[in-house]
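Given the structure of chain A, go ahead and fit chain B onto it with the hints provided.
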Amino acid sequence: MPPQLRLNAVAFVSSQNHPILIRTFSQPKQDELKYHYIAHTSLDVIDERITAAGATKSTECYLGLLYVEDVAVYGYMTPLKVKIIIALELSDNVVRDIDVITISQALHTAYRRSVANPFLRLHAPSDNVTDHAVVVSAGSQKWKLFRERVDEICRAVTLPAAA
Amino acid sequence: MNSYPPELLAQLAPVMFVAGLDAPNPQDASATQGTPSKQQDPFVILKHRLREALIAQRKVAIWQPEKAKVFQAVLVDTDVRFPPRKLPPAEDQQFHPLHSPLSPLTPTSPLYPDGLIAPIWIRKHTTLVPSVFVLFKRIYEHPPAPPNLSGTEHADYDREREAEERKRDTELSAEIAQRKRSTNERSIKLTAVLMASRRMLDDPALDARLTFIRRQSGLDPRAALFVLSPVTQSEIGDFVRSLQEALYEPALDYYSNHSKRVRRKRNRHSQGTTLAMPLSPLGAGNSPRPLRPEGWTVRYEHKMACFAEFRGEDEVALKHYQDAYAALLVMFGSTAILPPRTKRWAEAKVLADCVSVKICKLYLYNNEHSMALAHHNSHMRKFSDLSRGWGIGEETFEFWSWLARQHRVFAELLEQGVRTNLKIPKHLPVPPPTAAKVAAQAAAPQRGPLEADALRALGLNPTHALQHPGFYYYMAAQCTEQRRERFLRALDSESSQHVSLSPGFSNEKKVDHLAIALELYTRAYELFKKNSASQQGRQQLWIAYRIAQTYFESGKFDMAVRFFERIAKTYRREKWDAMLRPLLSTWYACAQQLGDMELSVHLLLEMLGHRLVIDQDDPESVQEDLLAVLQSTVPSNPEQPLIVDLSESGPLLDTTTIFWTSDISVGESSAFQITLSAPPLPPISELPFASLSIYFADDLPPIVIHDASADDDMAPPLVQRVALGDLRPPQGGEDPVPREELRAKLRWDPGSSLILTGSLGSDLPGTLSVSKLVLTLKQNTWTVELPLQPNSPRLGLVREPQWLRSVTPIRFMPLPGEVHSSVTIHNKPHRISVAVGHHAPAYLGEEFPIVVDVTNTDDRELEIVVDVLLHPLEVEHAVSSITFDGQSSTSLIKGVTFGTLAPGVNMSKTLLLSVEGAIGDRTLDISVQSQTTSTTAPPPPVTSPDSPPLHTDTSETLRTLVIPSVEPIKFEQTVKYRRSTKKAAGLADIATFEDDFWDDAGEAYVSTVMTCSGQSGISVESVKLVRKDGPRAKVVDCFIDTDEEDFLSEWLSGDEFCDQCRIALSRDEESSPEDLIPGPGHYEISWRRLLSDGSKGSLSTSSFSLPRLEPPTDGLIALLDIPSVAKLHSPVSMHLIVRNNRPTRSANVVVQLDLDPVTDGFIVSGLRQGRLPVLMPGAEERLTWNLIPVECGYVKIPKMKVTDRRAVIDAQLPNASGGKAEGEDVAVVDVRMDVQPGDGASAVVYGPRTGTILVLP
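Protein chains in written order, with this note's numbering: chain A, 1 to 163; chain B, 10001 to 11257.
The set of hints was computed from the structure by calculation and includes no laboratory data.
Any given hint might turn out to be false.
Unchecked claim - So these bits of chain B aren't anywhere near chain A, every CB distance computed over 12 Å: (1) 10022; (2) 10045; (3) 10236; (4) 10330; (5) 10337; (6) 10390; (7) 10485; (8) 10668; (9) 10703; (10) 10782; (11) 10874; (12) 10887.
Stated by the list, open to error - Between beta-carbon pairs, the in silico distance windows are: (13) A:140 x B:10562: 28 to 38 Å; (14) B:10960 x A:140: 48 to 58 Å; (15) B:10261 x A:52: 45 to 55 Å; (16) B:10671 x A:140: 29 to 39 Å; (17) A:140 x B:10780: 32 to 42 Å; (18) A:15 x B:10380: 34 to 44 Å; (19) B:10495 x A:15: 49 to 59 Å; (20) A:52 x B:10526: 15 to 25 Å.
Cβ atoms here follow ideal geometry from the backbone N, Cα and C, with glycine treated the same way.
Okay, chain A solo, but in the shape it has when bound (with noise of 0.2 Å):
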């Protein structure tokens, strides 16, 4: 039986940068910053990741431990470079690197039916120079749909007896 993961915050970072859902869990909410702050400095070691990543022409999604520092922050990067990062609370055990890929597949899953969305485009003017603007859309307060399956998830993981 592996260690329960406690997974205090999830943010999807677009592939300009720019912030499109970040959700904590963690139980005292005042935090909620914070983990605005982890997802951005994570971005620092992703860039690292990756350019170590190209220098070998690997194609991983999962990008491993990027740093630890109350929590343990993982990063993940989707083929359309959709950046996907997961705050662990911190814990004296072996963190499975399977099980945070787990994770992190379920949430690209959760974020590309989310972005499938065709209703996100209704109102999009058809030119595609503010297709990225729809993708961060899809984060916004307007679609409920997408927040509930990243709770959903978060639910699943941090009670792996109820799944």
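Just chain B now, with coordinates in the frame of chain A:
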């Protein structure tokens, strides 16, 4: 690290005392050497260099993982004294063993009675007691003997010298012996180094003297006596190295002995703990308890760890440090053993922290990063737990101060390590093992090392992932902030309750927390900067933000502002609004503190742009603040408007600019709408905007809309429309028409919008767009300009473009598809029609006419100019050219003018394309350029003669033609050859020297088939064979000469005509028979194309030369010449010419005539069988038979066999056996049928059966 005693942290190395290297005093120098210049004394230099070399080789440091055999050298006096080893008992107490003055058992010791171990103990071993003692001494050197000594004098000198040397050596030995006694007491190795001059080294007496000194002084036999003469710097390095090499082992022995001693004591102690515990002599009830057994364990383990460290045995040291640490934890676990907040407790805490650092360091030496980090974390966790018990838990500043110190020490340790050899691991994910690797793993019998690998592949414990020291500095800084927070809370409660909370509190008051935090953040910042590979430096920005916050809290607002400026740039660009919000509000607070009103206005506007609400209950606060600032203050420069560009951050008003169409023609207009809408929150309705200017990208003058809100008190409607009318750029030189002043209410209630409608057009082609909108805010002396983008995208907000359809009621219509933000104006297209007429394909040799017909279907007069480009053709021999309007070219004809065409007028010109050489498609580009004749507006004056006037209204119509070309007449020629039966002229024949001598070599027959292959027919006007007789060939006759009339007619497609031409051939000695003979003439056909309307085209001539001739050559040949018809019973002659055409070989020819009496229809007279005379090359022999036919009809000629024996004879020469000689058959050719095809290679060979003769009765 500075907060801990350096002795407890520094890396230990064996200690070497070095004596006798002190700078010499002047008397010594003058007494020994007597040289006036002390600088030149080689021994002074030698000592100086030795000192340098020994001291410089090792610096006391915490991080020193190298294991070179290097001593910590301490320079001492020659008569240095060691500290007393064991104190004699204070009183006469026989029962007590002796104890060191630092022992807790010694009442005078600082540790008495229950101290653990003091830094002074380590200092004793690093500075007061060495493991080896090196004594440098000069050996006595007698002055050299004067050169002119007699025998007795010499003996005297020797005796004197010996006595003196013996005396001095004895003194030296005594000195060394005394030192030896003191070192022996502590079993310290003593080594003497005797310095002698180079001359002395060669002295034969030196060995004996050294042995004497060693014996006398009682030095060890091994590695105890060195002799050194003044040498160079590098040799000194070698000496120091070899000296240490030799002494390293004794040093290790020394520390091992210490370890053994301590281990013995520990074992004894742990066996009989309480019994051996001596009671203090002052054992009164109130005195503190003596040191407990756990304490002794800590003491002994720590000592052993130190000795192991001296020996360089890191593993052993680590083990003992861990034991000491474990014992310390046990002690801390009980308040009875170590009562909190006592002196001993504080000492023990320092010791525990230091031991912990040492353990981390030793792990890191061995690259066990995760072990080191795990220990560091567990140390902090355990002592956090303990702290709670001690009443200095997480709510106290003491705890956070301690925690900050732990992080900081760890960071400093890493920083030192990184500077030398420590590598921080990169926690890159391990790629999943490949199938091959898994298979190899399964197959491998030993699984030990691979399993560790597999563990890593599974994952990583994040708490064991070592990072660069910047992170730990950052954590230390955060802990320091926590510490400050707790301190401030304590300060509050102190002021309210007037009670002193803890003893450390007054000390804490003196601490400048912010300065510490700032220092830590700055170090973290530098390390992040150094370690970051990203150019953005977002991690640095985060630290910089913390630095700025700290500056803000410590009141250094100007510094904070500088940081904020830099940080905000990236956050704005990457649209991390959530992070910008606290930044902006702190920044604004700074600006307020600094009294920088421009910055305040800027920041407040930016906050409005970010939709930032500082106080959720009072969303108006930002606007109110802004109004208050504008009303109550004066700008620093009232003349200059303050420009606040919010394009990087969010704009104050959301703007969209839409053009109805993106392409219009000159003179038309495109409608546009500019929408400026206010956000629902925060309100900006009170902002006193004075005007709105609209700037266009073209020459259009800007439009200014003035505020009309003062006109009445009515609130502006939700959607306000202002018509701007039709806008056009002014014509050159013409003054813009003064417009009436536009007025609108420039106030925006939440969610309301102002829509500017109008249309835009121009009389000149170009692109028109709105370049920017500028809102001007005016209040008292303040003038603030807010430039806005014509289209402001707001992140995460996708809006459908909408077009205002009506104001009452408000109706919008969505604009699907692409949205135009600019309009392009084109000239009206010219309507001309271009028709190109021709009858492809073109015939080779013809001037092919192409009619270019231009009709002006426009309603303007157009000037037409045509260019024609002929593309080059990549085919060999292809030649083509064009002729148009009198110009000829092979590629481009430019500027053929068609003149000015009035509307409806049409004009055509004929372009001639001449195609020659080879067939193939010719490509032509015809460009028809039209230009309006500017009768209405004269063209603007041309500024530069080179550049055409910019506003000429031209357009171009392009046509591309592909003209295939074919041959009008296809020629097919076949050639046949015939041998000559004439006898060749003899060698000396005088006629051969005549100029017109024709050396007959047979004839060639050329038959030519001319086919009309083109689509349309041609009318042939003349056909002739133009003769061009050569030396080897000439045309004898042909049909055309006599029968030309038959050819002159209209040839239609597929018609064929044939001509036969006879050519006489001649031998030529100068040209070899292999050379081809050029055709002796060509056909020339003049023709006209038959056009579809029945007329005929221009006269064209095609010419085709006769083929090149290649008469066949043969070697030995027999030609049979016989008439075709004979009369019964009248004799005919039959001739056989045997001709040897071989260039070198002669021929030996046998002729045999086979007469079959049954079937033959002839009576033959002549040679039946016989040998001809030998035929030399070039010679021929003629045989004649008379035949009388006896049968009618086609009668077969008698069979004839001609054999050349020559080759056979050649072959038979080696063996002279005669036998029946078989020869080589010679071809017999019937001259009547001698026609050979022209390829020459295979001549038709007639066998012995030749043809027949028609015998008539």
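Structure versus earlier hints - violations, ascending order:
Violated hints: none; all satisfied.
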